[in-house]
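Engineer: Given these sequences and hints, build the entire structure.
Number of protein chains: 2
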Amino acid sequence: MVSDYKEILSDSAKGMKRSAIRELLKLTQKPEIISFAGGLPDKKSFPLEQLQEICAEVIATDGAAACQYGSTEGVPELREILAQRYRDQGLSFVTSENITIVTASQQSLDFIGKVFLNRGDKYICELPSYLGALGAFNSYGGVPVGIPQDEKGMNPEILESKLAELKANGEKPKFIYVIPDFQNPAGTTMPEERRVEILAIAKKYDILVVEDSPYRELRFTGKPQRMLYDLDGGEGNVITLGTFSKIFMPGFRMGWVLAHPMVIDNFVKAKQNTDLCTSAFLQKITVKFFQKNYFEANVQKIVDLYRGKLNAMIGAFEKYMPEGVTWTHPEGGLFLFLTIPEGLDCEELFSIAIEKNVAFVLGTVFFCNGEGKNTMRINFSYMSEEENIEGVRRLADSIRELYKRHGR
Amino acid sequence: MVSDYKEILSDSAKGMKRSAIRELLKLTQKPEIISFAGGLPDKKSFPLEQLQEICAEVIATDGAAACQYGSTEGVPELREILAQRYRDQGLSFVTSENITIVTASQQSLDFIGKVFLNRGDKYICELPSYLGALGAFNSYGGVPVGIPQDEKGMNPEILESKLAELKANGEKPKFIYVIPDFQNPAGTTMPEERRVEILAIAKKYDILVVEDSPYRELRFTGKPQRMLYDLDGGEGNVITLGTFSKIFMPGFRMGWVLAHPMVIDNFVKAKQNTDLCTSAFLQKITVKFFQKNYFEANVQKIVDLYRGKLNAMIGAFEKYMPEGVTWTHPEGGLFLFLTIPEGLDCEELFSIAIEKNVAFVLGTVFFCNGEGKNTMRINFSYMSEEENIEGVRRLADSIRELYKRHGR
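Sequence order for the protein chains is A and B.
Just so we're aligned, residue 200 is where the first sequence starts under the working numbering, counting upward by one.
Just so we're aligned, residue 200 is where the second sequence starts under the working numbering, counting upward by one.
Just to be clear, a hint being listed does not mean it is correct.
Pairs count within a copy or across copies, as identical chains cannot be separated in the list.
[To be verified] With a straight-line cut-off of 16 Å between C-alpha atoms, the simulated EDC-like cross-links for lysine to aspartate or glutamate are:
1. Lys402 with Glu434
2. Lys403 with Glu370
3. Lys572 with Asp544
4. Lys321 with Asp503
5. Lys321 with Glu256
6. Lys243 with Glu586
7. Lys422 with Glu279
8. Lys402 with Asp203
9. Lys205 with Asp464
10. Lys321 with Glu392
11. Lys216 with Asp464
12. Lys491 with Glu248
13. Lys422 with Glu392
14. Lys555 with Asp349
15. Lys216 with Glu586
16. Lys403 with Glu359
17. Lys491 with Glu396
18. Lys216 with Glu272
19. Lys403 with Asp203
20. Lys572 with Glu530
None of these hints come from the bench; they were simulated from the model.
Structural biologist: Here's what the structure looks like:
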C-alpha cells in the first residue's frame with residue numbers, strides 16, 4: 200500500500216462517514232429485534248407474481264434490447280409514462296423532455312451535489328432533514344443552512360430572514376432542499392399555502408427549489424397538496440425528485456427527475472460520467488407494469504397496507520406512551536417523529552431500547568446543526584401491525600426506564 | 200428559471216461535455232449505417248433462454264429479498280464467487296473483503312475520481328486512453344498527464360522520466376490509470392514484463408495503480424498475462440476494476456472493484472452517498488448464472504463469437520485497405536485502432552464515411568493532449584462478420600477518397 204494512503208484521499212473522501220443509518224441497520228438485524236430504524240418497504244408490498252409474468256414477457260418479446268446498453272436519459276416509453284402521469288395530475292406542461300431516469304433517488308441527490316455545489320457552497324435544508332441528502336451534498340463540500348420546521352414544514356419567516364441575512368453578506372445559497380410530502384424524518388406535510396410561500400421566497404431571492412418527493416403517492420388520509428413543481432407552472436424554478444423505491448421496489452434502483460430541460464441536460468451529462476445509463480431490463484419491466492395496469496393497483500395496495508400499520512402504531516402510542524412523549528401525525532409516507540422531554544438523550548434511550556429488543560434512529564443525525572438529541576425517527580412500514588404495537592410497548596417501557604434513571 | 204442558472208453550476212458541471220461517443224452513437228443509428236463507433240456487445244451474446252429460466256427461479260425462491268434494498272457492498276454470495284474466481288486464477292490472497300459490487304465500471308471510474316481527486320490533482324493515463332475514464336476524472340477536476348504507448352502499452356521510460364520531472368517540481372500524481380488487456384481504444388495488451396516494470400515504477404514513486412480490466416476474459420489468442428493486482432501480491436498498490444458489461448450483459452449495469460480493504464471502505468462510503476446499493480435482483484440473477492455453470496460457458500461463447508468477427512475484419516483490412524493505413528492486432532477485447540497517414544484528418548474522413556454509410560470514433564477524443572488526428576477506434580463486436588467486412592470495404596473506399604482529395 201502506498202505510504203500516504205490517508206493523505207492522498209480527496210477532501211470529499213476525507214469528509215465521508217459511513218451512513219449512520221445503514222451501519223445501524225446492521226446492528227439491528229438480530230431476529231428478536233423489532234426495528235423501526237430503517238426505511239424499508241414491507242416485503243408484502245412486492246408484486247412477485249406479476250413480476251414473474253412480466254419478466255418472462257419482457258425477455259421473450261424484447262430481451263435483446265433489455266440486456267443491451269440503453270440511452271442515458273432512460274427508456275423513452277418510461278419517460279413518457281411518467282410525463283403522462285404528471286399530466287393526469289394536472290401538470291399539463293410536463294413532457295418527456297422534462298424527465299430523466301436515474302439509479303434511484305440517491306443518485307438524484309448525488310447529481311444535485313455534482314451539478315450545483317462547489318466546496319463551501321451553501322444550501323438551505325429543513326431542520327431536521329433527510330440524512331441521505333445531507334450526506335450526498337456534504338460529499339461535494341456543500342454547507343447546510345438549516346431552517347426549523349413547524350407542523351406545516353419549513354418556517355417561511357425564518358427562511359426569509361436567513362436569506363436576507365445571507366444576501367446582506369453577499370452570499371446566495373445554491374438551492375432550497377425540501378421534502379414537502381410526509382417528510383423524512385419528521386412526517387410533516389406542507390399545506391398548499393406554505394408551498395406557495397416557500398416558492399415565492401425562492402423566486403424573490405432567485406434560488407432553485409429541490410422538491411424531494413419519494414413518498415407523495417403514499418397518502419393514507421387527507422387531500423393531496425399541489426406539488427411545488429406544479430405551483431411553479433414548469434417555469435424551471437423547481438427540480439422534483441421521484442423514486443420507484445417506495446411505490447414499487449427498492450431492489451430495482453430506479454427513480455426519475457422532473458425538471459426544466461436545461462437541468463435535465465446537466466443531469467444527463469452527470470449520468471454519462473457516473474454510470475452511463477440505468478438498467479434497460481428493469482426499466483422495460485417497469486414499463487410493462489404500467490401498460491398492464493398493475494402498477495397503480497399495487498400502489499393502492501401499499502397505501503392500504505401502510506395505513507393499517509400507521510393506525511396500529513398511533514393506537515399503541517396512545518395506549519402505552521408515558522406523559523411527556525409527543526409524536527407527529529403523518530398523513531402518509533413511512534416515518535413519524537417522536538420527541539421525549541427536553542434534557543433527556545435518545546442515545547441513552549437507544550441502549551436501553553436495544554436491550555429490550557426495539558430499535559429506532561436517533562433524531563439528531565437528521566439535524567445539520569446537531570440539535571434534536573431528544574428526538575427519534577420511527578419507521579412504520581417494515582414491521583407488521585402486531586410488531587409495530589409490540590415495538591411501541593417495548594419503546595414505551597424503555598422511555599419509562601429512562602425517566603426513572605433521571606428521577607422523573 | 201433562476202436568472203443565473205449557468206453561473207450557479209458547479210465547476211464540475213461547467214466542465215462537463217456530453218460524451219462524444221454517446222452523442223455520436225445517436226447519429227449513427229440509421230439502419231443503413233454500419234457502425235464501428237460504439238462499444239456494444241453483440242446481442243447474440245445475451246443468454247436469453249437461461250435468463251428466462253433463472254429469473255423465474257430467483258423470483259420464486261428469493262423474490263422478496265431480491266426486490267428489497269441490499270447491502271452497499273453487494274450480495275455476499277456474488278462477492279464470494281468473484282473472490283473464488285480470482286483464487287482459481289492463482290490470486291490466492293483474494294477474499295470477499297477485497298470485493299465490492301458497483302453499478303458497472305463507469306461507477307468505479309466515478310468513485311476513483313470521487314475518492315482520490317481534488318480539483319487540480321494530476322493523474323497519469325495512457326495516450327490514447329478510455330474516454331469514459333477521462334470524463335469521470337475530469338468531472339472531479341483531475342488533470343491528465345498522458346504517457347505514450349508503444350505496442351506493449353504504456354512506455355515505462357517516459358513514465359519514469361515524467362514522474363521524476365513532476366517530483367522535482369514537488370508534484371505527485373494521485374494514480375496511474377492503465378488498461379493492460381486489449382486496451383480501449385488501442386487494442387494493445389501489456390506483456391507481463393511491461394506490467395512488472397510499470398508496477399515497479401509505481402512502487403518506487405509510491406503511487407497507486409488503477410488497473411481497468413473490462414475485457415480481460417475476452418482473449419481470443421495468446422496466453423493470459425498476469426494481472427497487475429496479481430503481480431502486486433495483494434499488497435494494496437493496485438485497484439482493479441471489473442465489469443459484467445462485456446462478459447455478460449451491459450443492461451444489468453453491474454461491475455466490481457478488487458482492492459485492499461482500506462480502498463473498499465472508501466468505495467463503500469462513496470456508494471452510500473451516490474446510489475446506496477446495486478440492484479439485489481440483478482445480483483441474485485447473476486449469482487444463479489454462476490451456480491448453474493451457465494456463466495463461464497457463456498463467456499466462452501462470446502470469445503468464439505468475437506474471435507470470428509475480429510478475424511473477418513482483419514482479413515478485410517488486408518484485402519481492402521490502401522497503402523499507408525495501419526492497424527493494431529488485438530489478442531482480445533472489442534476494439535482495434537486504425538492509423539491513416541500523418542497529415543490527414545479523420546474528422547474529414549468521418550464525413551466521407553458517413554456518406555458511404557460507415558461510422559467509427561475519432562481517435563483524437565481518446566488523447567488527453569489532443570493528438571491522434573489521423574487515428575480512429577474501430578469496434579468489431581457489435582456488427583456481424585458480414586457487416587464487419589462490408590464496413591471495412593466502405594471505410595477503405597472512404598480513405599481512398601480522402602487520399603484523392605489531398606492528392607495522394
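Engineer: Hint by hint, say whether it matches the structure.
Structural biologist: To see whether the hints hold, each was checked on the structure:
1. Proximity of lysine 402 and glutamate 434 under a CA criterion of 16 Å is satisfied intra-copy only: 11 Å inside one chain copy versus 55 Å between copies.
2. In the homo-oligomer, the alpha carbons of lysine 403 and glutamate 370 lie at most 16 Å apart inside one protomer (15 Å), although the nearest pairing across protomers, at 46 Å, exceeds that limit.
3. For a Cα distance limit of 16 Å, the shortest separation of lysine 572 from aspartate 544 inside one copy, 5 Å, qualifies, whereas the shortest one across copies, 66 Å, does not.
4. Taking CA atoms no more than 16 Å apart as the test, lysine 321 paired with aspartate 503 passes in neither setting, with 40 Å inside one copy and 55 Å between copies.
5. Neither within a single protomer nor between protomers do lysine 321 and glutamate 256 lie at most 16 Å apart by alpha-carbon distance, with minima of 48 Å and 49 Å respectively.
6. When the C-alpha separation of lysine 243 and glutamate 586 is checked against a cutoff of 16 Å, the pair qualifies only within one copy, where the shortest distance is 15 Å, while the shortest distance between copies is 50 Å.
7. In this homomeric assembly, lysine 422 and glutamate 279 never come within 16 Å of each other (Cα to Cα): the closest approach is 26 Å inside a single copy and 49 Å across copies.
8. In this assembly of identical chains, lysine 402 and aspartate 203 lie within 16 Å of each other by CA distance solely across copies; the values are 12 Å between and 47 Å within a copy.
9. In the homo-oligomer, the alpha carbons of lysine 205 and aspartate 464 lie at most 16 Å apart only across protomers (12 Å), although the nearest pairing inside one protomer, at 35 Å, exceeds that limit.
10. For the homomeric pair lysine 321 and glutamate 392, neither the shortest alpha-carbon distance inside one copy (26 Å) nor that between copies (51 Å) is at most 16 Å.
11. For the homomeric pair lysine 216 and aspartate 464, the shortest alpha-carbon distance between copies (10 Å) is at most 16 Å, but the shortest distance inside one copy (30 Å) is not.
12. Taking the shortest alpha-carbon separations for lysine 491 and glutamate 248, only the intra-copy value of 13 Å comes in at or below 16 Å, while the best inter-copy value is 23 Å.
13. With identical chains, the CA atoms of lysine 422 and glutamate 392 are at most 16 Å apart within one copy only, with a shortest distance of 13 Å there and 70 Å across copies.
14. In this assembly of identical chains, the alpha carbons of lysine 555 and aspartate 349 never lie at most 16 Å apart, being 32 Å within a copy and 66 Å across copies at closest.
15. In the homo-oligomer, the alpha carbons of lysine 216 and glutamate 586 never lie at most 16 Å apart, since the shortest distance is 31 Å inside one protomer and 51 Å across protomers.
16. Taking the shortest Cα distances, lysine 403 and glutamate 359 sit within 16 Å of each other inside one copy (10 Å), while across copies they are farther apart (57 Å).
17. Taking CA atoms no more than 16 Å apart as the test, lysine 491 paired with glutamate 396 passes in neither setting, with 40 Å inside one copy and 59 Å between copies.
18. Taking the shortest alpha-carbon separations for lysine 216 and glutamate 272, only the inter-copy value of 15 Å comes in at or below 16 Å, while the best intra-copy value is 31 Å.
19. With identical chains, the CA atoms of lysine 403 and aspartate 203 are at most 16 Å apart between copies only, with a shortest distance of 13 Å across copies and 48 Å within one.
20. Taking the shortest alpha-carbon separations for lysine 572 and glutamate 530, neither the intra-copy value of 25 Å nor the inter-copy value of 62 Å comes in at or below 16 Å.
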